[in-house]
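Undergrad: The lines below spell out each chain.
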Amino acid sequence: MSKIVVKDLVKIFGDHPEKAIKLLRKGYSKNKILEESNQTVGIYDINFSVNEGEVFVLMGLSGCGKSTLLRCINRLIEPTSGTITIDGEDITTATPQAVREMRRKKISMVFQGFALFPHRTVLDNVAYGLEIQGITVEQRREKAAQVLETVGLKGWENSMPQQLSGGMQQRVGLARALANNPDILLMDEAFSALDPLIRKSMQDELLSLHNTLNKTIIFVTHDLDEALKIGDHIALMNNGTIVQIGTAEDILTNPADDYVEKFVEDVDRTKVLTAEGVMKSPDPVVFLRDGPRVALRLMREHGISSIFVVTRERKLAGILLAEDALQAVKEHKEDIKSIIVSDVPKVGVDTPVIDIIPVIADTKFPVAVTREDDKLAGILVKGSVLAGMVRRGNNID
Amino acid sequence: MTKLPIGLWVEFIVEWAQIHLEWLFDFITMVIKLLVSGIETIFLAVPPLIIIVLVFILVWFVANRGLAIGTAIGLFLIQNMQLWEASIETLALILASTALALVMGIPLGILTARSDFAHKLMMPLLDFMQTMPAFVYLIPAVLFFGLGQVPGLFATVIFAMPPTIRLTGLGIRQVPAELVEAADAFGSTEWQKLVRIQVPLALPTIMAGVNQCIMLSLSMVVIAAMIGAGGLGTEVLAGLSRIDIAKGFEGGLAIVIMAVILDRVTQSLTEKRKIKV
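So the sequence lines, in the order shown, correspond to chains G and X. Just add 44 to the spot in the first sequence (first one is 1) and you have the numbering used here. No gaps in the numbering here: position 252 of the second sequence is 237 in the numbering used here, and each next residue is one more.
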């Protein structure tokens, strides 16, 4: 189900947004509009929806409008036109009271520079959202202490924020956002100010928190690796609008335009591409009921020296080598069950390429790719993995 | 070219106010007299020695031992110069005018921080208030309030209020935008944001404004004495008119002692805040 639906959202900065909108309709560029009407187009033509419980990443370089877009969702920035629907309600027309209520109960935010209140203890920072709702000191501190424990900061309640390291400060920021128990978390470059090692561990932690808490998260970042790692869906933004929305693999394998292609050029594909993206279709295969002659003929036809054997339900049974099949034919054996090698290397469809490489390197057979129910989904040979890592298109064969 | 009768216009306005706003001035006079004489009565009711001991303890508490000892010595000196009563009069005037300046100045400062329009309107007005020679305020002050402490206090407030407004506004504008945004993002009302985030974070700067306000009030002591505000200023003026070096110097010294004490105490209050923040 869609938690958040954004339609035709536009934000113009300036005194006469209507002028800019008119020019936008005529198809003028951002720069041209700035020249002609002195209005700055923040974002335009924004359409996307976010599913309940997913991590949706807004990704792009600085100045592309991703932070503006994020702030429209909790109306820290008032959109010029368009609608944002959260749980079926259009929040762009909500009264200030309703917006305040929404910020208190439904949507929290985590900031790039942490934005912790330096005059409050860690505990009172986390309790802030509850405090302004008029919740008593005991109750809000108790709740805040609980949340601090979930982010691993038990024992730091009475420290001042500036006594903590960057990573810990952002944990406080995260705890503050979680204390209100919101449905939606807006994270604005939340980990960008942290050094790479801490950033990585924070990403992992966010993912594991996300698994247990099941919040809908909109995450803004300029770091593609981060986007690919944590995003269920990624919206790539350029110059004020979204150029492509898709899963990490969609974006890597089918870049929508030159901009996206350029962006994804330097990505370490081995971490993002999965077995499914680089495997060959599992033809030909032989069934257990087939005899060694059938297998030999198929191998000869396709010029291969081994072939995968599956059950009637296409579950992986093993691999049959040409020399074993030949031997069986000579000995007039009809059943191939006894001559297949059942201990074959196999990986799941979701295995990233980086984990496939050692498997492939260690075996002289092709690697089988199986789904959860052990059905054969495809096969991997060295060549197909290499091709998948270099090639842009997904027509790997 | 004909001379524009700017002075006459102002005179007209002042005269109009004198006639039509008499009730207001009478009310203000009553309030201020009550305030100043209240402070005076309290301080004069307590024997000087007890006050010195209390101030010694207070200063030690908010600042440090050295300053406390210096304060005690300074106060004994004032008592020894037989300027105790005059000093209390001056202190009452300063405290009352500082209090009034803060009561008006801090909200005005907050207003200038929150509204660009108010800011644009207020800045030239503040420049005007600060650069206009303080003596000039004495004239309407006398016309409105007659002679005595009240017009002295009126002139002092006008002269001492600008830095409070400026520094309050500055302090609040300097609160990092991300923190203000965070306060908004969690659904604070404007009042909650002001009271829980902006004012506490602006406090060191606001305190600097309070300090400035007190110092400027002190600098008005002698000028206000010209219209009968009394206190140490009268001693200095008497010394001046009689070319009495001894009297003038003693009065001046007492003012300096009070200034140093008030300055250091308010500054150390500010410092303490800074460390905490």
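It should be emphasised that the hints constitute simulated quantities derived from the structure, not laboratory data. On a predicted model such as this, the values are computed, not experimentally measured, just so you know. Be aware that one or more of the hints could be misleading.
[Unchecked claim] Once the Cα atoms are required to be at most 30 Å apart in a straight line, the calculated DSS-like pairs of lysine-lysine come out as:
#, chain 1, residue 1, chain 2, residue 2
1, G, K259, G, K324
2, G, K359, G, K377
3, G, K150, G, K259
4, G, K187, G, K70
5, X, K178, G, K259
6, G, K76, G, K150
7, G, K259, G, K273
8, G, K244, G, K150
9, G, K187, X, K178
10, G, K390, G, K51
11, G, K70, G, K273
12, X, K105, G, K149
13, G, K306, G, K359
14, G, K63, X, K105
15, G, K273, G, K150
16, G, K150, X, K178
17, G, K76, G, K47
18, G, K198, X, K105
Undergrad: What hints, given by number in increasing order, does this structure fail?
TA: Per hint list: 1, 4, 6, 10, 11, 12, 13, 17 and 18 violated.
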